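**Q** Following the hints, put chain R in place on chain U, whose structure we already have.
Protein chains in written order, with my numbering: chain U, 1 to 186; chain R, 1 to 373.
Do not take every clue at face value.
Unchecked claim - Computed cross-link-like contacts, PhoX-like style, restricted to lysine-lysine with a CA-CA straight-line distance of at most 20 Å:
#1 Lys144/R <-> Lys57/U
#2 Lys57/R <-> Lys326/R
#3 Lys205/R <-> Lys144/R
#4 Lys220/R <-> Lys144/R
#5 Lys57/R <-> Lys174/U
#6 Lys300/R <-> Lys326/R
#7 Lys57/R <-> Lys177/U
#8 Lys76/U <-> Lys57/R
#9 Lys191/R <-> Lys174/U
#10 Lys300/R <-> Lys57/R
Stated by the list, open to error - Pair by pair, the computed Cβ-Cβ distance ranges are:
#11 Pro182/U <-> Glu150/R: 40 to 48 Å
#12 Pro257/R <-> Pro5/U: 35 to 43 Å
#13 Glu216/R <-> Gly154/U: 18 to 26 Å
#14 Lys57/U <-> Asn61/R: 46 to 54 Å
#15 Arg51/U <-> Asn61/R: 27 to 35 Å
#16 His7/U <-> Glu208/R: 34 to 42 Å
#17 His23/R <-> Val168/U: 46 to 54 Å
#18 Leu283/R <-> Gly154/U: 48 to 56 Å
#19 Leu183/U <-> Arg62/R: 23 to 31 Å
#20 Ile159/U <-> Arg187/R: 45 to 53 Å
Just so you know, these hints were derived from the structure itself, not from any lab. Note that this is a predicted model, so its numbers are computed, not measured. Glycine is no exception: its CB is placed at the ideal position from the N, C-alpha and C atoms.
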Amino acid sequence: MSRCPDHLFERFQELFPAMEMDTPAPPEDSVGNEDGADAAEPRLPPPPPCRKTEHAKVGYDLDAIVEPHQIEAAAKLLDAEGFAIDMVTAVDWPDAAQFELVYDFMHFQAATRVCVRTRIPRDRPEIATLSHIYPGANWHERETAEFYGIQFTGHPNPIHLLLPEDFVGYPLRKDFKPQPDPLLEP
Amino acid sequence: MELHPVQSTGPQETFVLNLGPQHPATHGVLRVKLTMDGEFIKDAVIVAGYVHREHEKMGENRPWDQFLPNTGRIDYLSAMMYTHAYVGAIERACGIEVPPRAEYVRVITSELNRISSHLVWWGAYLLDLGGMTPLLYAFDDREKILDLLEALTGARLTYCYYRVGGLAEDLNEGFVEGTRDFVKEFRPRLKMFRRLVSENIIFRKRVEGIGIIDAEMCRKYGATGPMIRGAGIPYDVRRAEPYSVYPELDFEIPVDPAADSMSRYKVRMEEMEQSLRIIEQCLDRLPDGPVMAKVPRVLKPPEGDFCYATEAARGRFEVRIVSTGKPIAHRVRLRTPCFGNLSLFEEAARGMMLADGIAMMGSLDLVIPDIDR
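Pulled out of the complex, with its shape left as it was, chain U reads as follows (with noise of 0.2 Å):
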């Protein structure tokens, strides 16, 4: 049972209706689809952009989809119902060549859990910050840059919080490959 309130349900929908993406979202909920298929190849139609989901199963209760330029709107809108922010976090989608952007979002007294996502193309990442709205989101943003390389743009202070300041390198790209340390390969 999703704990949604349904006049976030209805006010996402009418917010961010159905778009066009370049290539399908990641599928959701396909037990034994195609298990160890080529990922660059169509596989499932698009998820609807916003759904209910059932807090048991997946851990949030509505799963929305958003183009990159509408994820200030969504947060806005989150902020003016009084959500608190969760965290943001990346997931590299190579296959794709997208990196997928997860924000969730909680709230306090009403126990619903939102989780917004948007895919940024990998050659170009760049999306705008949510630190002015969250300044909370600013940790979370500089963690995402500094591991994944992803730009946010508006940023107050983009520097790297927890690698050391002089690293090359985007560790969580799937591609990453450590450089060898000179002390044991002279």
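**A** Using the frame of chain U, we list chain R on its own:
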């Protein structure tokens, strides 16, 4: 209540003060770059990452179950709740039903772990504020919990006792009696702690009205756990997103509306009391039966995103797994409570006196590997 002035009237000259990375009050290798105007913090910049180990990448290059020991090493003081979130996420994805006995044992050990974690915080926090004695009392009681859990799991700190589908093994002989004895002994000790410290006028002057972090700030930064409950909002993952057997148990969510360091202190003290209640109920109801469900040898969660959150000692810990149906994870995201709790420090510390800033930082209950991962 008298509040400290937030602005000095002295000459407009500032200097930079480094707090850490090897400062006892930061409880680990955390550096805070403070711009000071006399005794007042004008600006604070957190420099984190000294113990970064890239756990999330490790999750992506080994089979699902082999990542389990890592999760106990993120927040080393609440390893039970962290392993619970990870096995919970896989169980949720694969649809594995955990036997009731295993769930009850999970709750008992998690709550024992919560008490031992809060005891470390209690002792260390008062040490920050200048009191040496409470630490020795706290570690005396914590030792009893560690002994119980050591006999059960083989580890004293970084437990890896839960497995996908249940537990590594059933309770050892003497655990139930030992835990009952501990609960009986610890209640009066908790009362004694309150008499010793909570009413102490020196302590109260240091924490009451200091470090106000209200509910709105918690919401904007995603601060959870005793931070949000100390701001008067009864948000607890055990109730908000019920997991394991918590819905069947009778316990209260302690809240305190004052939103200062004292209210976070009070919330944690009350939480230990509630944990004792939970442990007692679980011991009374502990069913017989197996402690492990039938689980495939190679775990292959179906494709999709799955989240599982637990209420760790410091707040909401959440594991978000992205599976592509393979025996290795595509993405393991660890949402740790200290990350959100500390990120508001830069804003909250502005304008405070340095000694008050330390009193507030201690009340956040930081574990640095939890931030750095």
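**Q** If a hint holds in the structure, say so; if it doesn't, say that too.
**A** Consistency of the hints with the structure:
no.	hint	in the structure
1	Lys144/R <-> Lys57/U	violated, 38 Å
2	Lys57/R <-> Lys326/R	holds, 16 Å
3	Lys205/R <-> Lys144/R	violated, 32 Å
4	Lys220/R <-> Lys144/R	violated, 39 Å
5	Lys57/R <-> Lys174/U	holds, 9 Å
6	Lys300/R <-> Lys326/R	holds, 5 Å
7	Lys57/R <-> Lys177/U	holds, 12 Å
8	Lys76/U <-> Lys57/R	violated, 32 Å
9	Lys191/R <-> Lys174/U	violated, 53 Å
10	Lys300/R <-> Lys57/R	holds, 18 Å
11	Pro182/U <-> Glu150/R: 40 to 48 Å	holds, 41 Å
12	Pro257/R <-> Pro5/U: 35 to 43 Å	violated, 26 Å
13	Glu216/R <-> Gly154/U: 18 to 26 Å	holds, 23 Å
14	Lys57/U <-> Asn61/R: 46 to 54 Å	violated, 27 Å
15	Arg51/U <-> Asn61/R: 27 to 35 Å	holds, 32 Å
16	His7/U <-> Glu208/R: 34 to 42 Å	holds, 41 Å
17	His23/R <-> Val168/U: 46 to 54 Å	violated, 30 Å
18	Leu283/R <-> Gly154/U: 48 to 56 Å	holds, 54 Å
19	Leu183/U <-> Arg62/R: 23 to 31 Å	holds, 25 Å
20	Ile159/U <-> Arg187/R: 45 to 53 Å	holds, 49 Å
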